[in-house]
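Residue numbers (the numbering used here), protein chains in the order written: chain U, 6 to 246; chain D, 141 to 467.
Hints should not be assumed to be uniformly reliable.
[As the list claims (entries may be wrong)] Only pairs whose alpha carbons sit at most 20 angstroms apart, straight line, appear in this in silico EDC-like list of lysine to aspartate or glutamate:
{"id": "1", "chain 1": "U", "residue 1": "LYS23", "chain 2": "U", "residue 2": "ASP64"}
{"id": "2", "chain 1": "D", "residue 1": "LYS296", "chain 2": "D", "residue 2": "GLU229"}
{"id": "3", "chain 1": "D", "residue 1": "LYS462", "chain 2": "U", "residue 2": "ASP143"}
{"id": "4", "chain 1": "U", "residue 1": "LYS168", "chain 2": "U", "residue 2": "GLU38"}
{"id": "5", "chain 1": "U", "residue 1": "LYS232", "chain 2": "U", "residue 2": "ASP189"}
{"id": "6", "chain 1": "U", "residue 1": "LYS223", "chain 2": "U", "residue 2": "GLU243"}
{"id": "7", "chain 1": "U", "residue 1": "LYS78", "chain 2": "D", "residue 2": "ASP357"}
{"id": "8", "chain 1": "D", "residue 1": "LYS346", "chain 2": "U", "residue 2": "ASP82"}
{"id": "9", "chain 1": "U", "residue 1": "LYS223", "chain 2": "U", "residue 2": "GLU233"}
{"id": "10", "chain 1": "D", "residue 1": "LYS355", "chain 2": "U", "residue 2": "ASP82"}
{"id": "11", "chain 1": "D", "residue 1": "LYS462", "chain 2": "U", "residue 2": "GLU99"}
{"id": "12", "chain 1": "U", "residue 1": "LYS78", "chain 2": "D", "residue 2": "GLU347"}
{"id": "13", "chain 1": "D", "residue 1": "LYS346", "chain 2": "D", "residue 2": "GLU334"}
{"id": "14", "chain 1": "D", "residue 1": "LYS261", "chain 2": "D", "residue 2": "GLU334"}
{"id": "15", "chain 1": "U", "residue 1": "LYS115", "chain 2": "D", "residue 2": "ASP236"}
{"id": "16", "chain 1": "U", "residue 1": "LYS78", "chain 2": "U", "residue 2": "GLU67"}
{"id": "17", "chain 1": "U", "residue 1": "LYS168", "chain 2": "U", "residue 2": "ASP189"}
{"id": "18", "chain 1": "U", "residue 1": "LYS124", "chain 2": "D", "residue 2": "GLU334"}
{"id": "19", "chain 1": "U", "residue 1": "LYS168", "chain 2": "U", "residue 2": "GLU216"}
{"id": "20", "chain 1": "U", "residue 1": "LYS195", "chain 2": "U", "residue 2": "ASP228"}
{"id": "21", "chain 1": "U", "residue 1": "LYS225", "chain 2": "U", "residue 2": "ASP45"}
{"id": "22", "chain 1": "D", "residue 1": "LYS458", "chain 2": "U", "residue 2": "GLU99"}
{"id": "23", "chain 1": "D", "residue 1": "LYS346", "chain 2": "U", "residue 2": "GLU145"}
{"id": "24", "chain 1": "D", "residue 1": "LYS346", "chain 2": "U", "residue 2": "GLU99"}
{"id": "25", "chain 1": "U", "residue 1": "LYS166", "chain 2": "U", "residue 2": "GLU71"}
{"id": "26", "chain 1": "D", "residue 1": "LYS350", "chain 2": "U", "residue 2": "ASP189"}
{"id": "27", "chain 1": "D", "residue 1": "LYS462", "chain 2": "U", "residue 2": "ASP121"}
{"id": "28", "chain 1": "D", "residue 1": "LYS458", "chain 2": "U", "residue 2": "GLU145"}
{"id": "29", "chain 1": "U", "residue 1": "LYS78", "chain 2": "U", "residue 2": "GLU13"}
{"id": "30", "chain 1": "D", "residue 1": "LYS350", "chain 2": "U", "residue 2": "GLU99"}
{"id": "31", "chain 1": "U", "residue 1": "LYS168", "chain 2": "U", "residue 2": "GLU13"}
{"id": "32", "chain 1": "D", "residue 1": "LYS296", "chain 2": "D", "residue 2": "ASP236"}
{"id": "33", "chain 1": "D", "residue 1": "LYS350", "chain 2": "U", "residue 2": "ASP82"}
{"id": "34", "chain 1": "U", "residue 1": "LYS195", "chain 2": "U", "residue 2": "ASP134"}
[Said to hold, decoys possible] Residues of chain D clear of chain U, computed beta-carbon distances all greater than 10 angstroms:
{"id": "35", "residue": "VAL260"}
{"id": "36", "residue": "PRO265"}
{"id": "37", "residue": "PRO299"}
{"id": "38", "residue": "LYS350"}
{"id": "39", "residue": "ASP357"}
{"id": "40", "residue": "GLY447"}
Note that these hints are calculated values from the structure, not bench results. The C-beta atom is built at its ideal place from N, Cα and C for all residues, glycine as well.
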Amino acid sequence: MTKTPLIEMRNIHKWFGKVHAVDGVNFAIEKGEIVGLVGDNGAGKSTVIKVLSGYHPSDGGEILIEGQKVQIKSPSDARAFGIETVYQEQALVELMSVARNMFMGREPVKFARFLDRRKMNECISVLHDLGLSIDSPDLEVGHLSGGEKQGVAIARAMYFKAKLVIFDEPTRNLSIKEAQTVLDFIEGLKQENISVIFITHNLYHVYPVAERFLAMRKGKLVDDVMKENTSIEQLTQELVK
Amino acid sequence: MKESIIRVLGKGISARETFILLTVIGLVVLFYFTSFKHRFLSSGVQDTIFTVAPELGIIVVGVTLLMIGGEFDLSVGSVSALCALIMVELYGRDVDPFLALVMVLAVGLATGMINGLATVKFGIPSFIVTMGMMMAWRGAIYVATAGVTIRFNVMKTHPAFYYLLVGKIGGIPVQLFWFVLITVAFALVLNYHEFGNRVYATGGNKEAAKAMGIKTDQIKIYCFVLLGILCALAGVMRATRIRGFYAQQGSGMELMAIAAAVVGGTSLFGGTGTIIGAFLGVLVIIFLEYGLIVSRVPGFWFRAVLGVLIVIVAVVNKLMAKRRGLS
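Here chain U stands alone, though its shape is the one from the complex (with noise of 0.2 angstroms):
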């Protein structure tokens, strides 16, 4: 008997007016896995993430969850579902607290629906965990470099104990030594048995970590391949045909 996978994408499609963004996308993804899912700018990479994040809805074909299959229609429902979307630097709020936005749209409440200040507190021990140096949990997240505001969206992400993170271009916009710290939290996923899909169209940040890659051009899935059958180039290859 095969093992289910985590998630499996079968036949999406979608639409944006005449342009056909996503055509016809395949691929399941292994509890514990990290995929690195790769294309040029355009190839529909992020539209067919934002299916599986709730963004978009399909046009077409069906998500399987653990063999099941679901509708997935908000963002609420992709969490509900255990899905962690990271975006690069769009799902934080700079103005509000760390605690604020590790609980954005999902506060811990008391009576009446009022913050339950104390459990929203404990997050900063999910992000010493991480090993973010952040002091108070009420500190803004303006103030945080780069790296550690990705440090929040993934503590965001490991704290309500998600199944699959997705990120989205985690390093674009980050120094060399902050991306190195954000490749280091998607190892750490991985000892927790998170699964985990990193988008990306830089290759050289992705190959170290991914055990696995997809990538797509012009709205196709056009190659599924492990690592160990791969290399760089040959990807490069495969982008730019």
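Assemble the complex: chain U is given as a structure, and chain D must be docked to it using the hints.
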């Protein structure tokens, strides 16, 4: 809860609020010395100030909430007047004033809903939507009243209603209690309630809030609706106090309200602001207005001084944000 209130107040006094508080104190000292026979601190002047300030202040609390959520409302003066007019008309038709008040609050809710739906469902900037509604409601008021003043002598017929809204407790205008109560309630909600967290998130980064599953359109509509209800309350309060309705009631209030919110540290771009700041902003504006009057400065100066103050405050806010590394 008691502890929470103290914490809200204590926490609310950040560098920005300290600056506004110092401005308030500075104005009090200044006007004490410049006012004719030092009348600025006389009970008569203070009584006037604390009677009038809540009518603006209650609206400013709602305006601040909405601005933190990233939207504007220029129709607050017209909506408060429309609600006052409906209140007075219902009273004239022998509707019990308490029932009429409930109906008028519902009208306020509906006007907020119109502003909110038009803004979020059609993606029209709230500045445009509410400017249109400001003119539309004001126009409707002129059409309905032909500019004639209507008497509203509820004090004689229903003293309980009058005293509950604009009477006095221990020599202090009841309006002030309402204003403080609403300020504390909204401050608690913004700082300590799930809704408040979502308002800040929506105004601070709408896309991020959406990606985290917050229904940002709904949050904005709630803010518009709450503001509409507060406008209705303030409008009825004024009509009750002056025992009548005139067609110009509340005109110019929209800019005063936004000015108070901005002086109180609310950002024009959403995501920043506090209710405590708004409360202090109201005091600055009202002290300025009445301080100039009792100092016998011609009334036109108020607008000029207010304008300059807004610019100064905006610059100081920007500099403070820069110093904190959040330009």
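Worksheet entry | Numbered hints the structure breaks, given as an ascending list | 9, 14, 15, 20, 26, 27, 38
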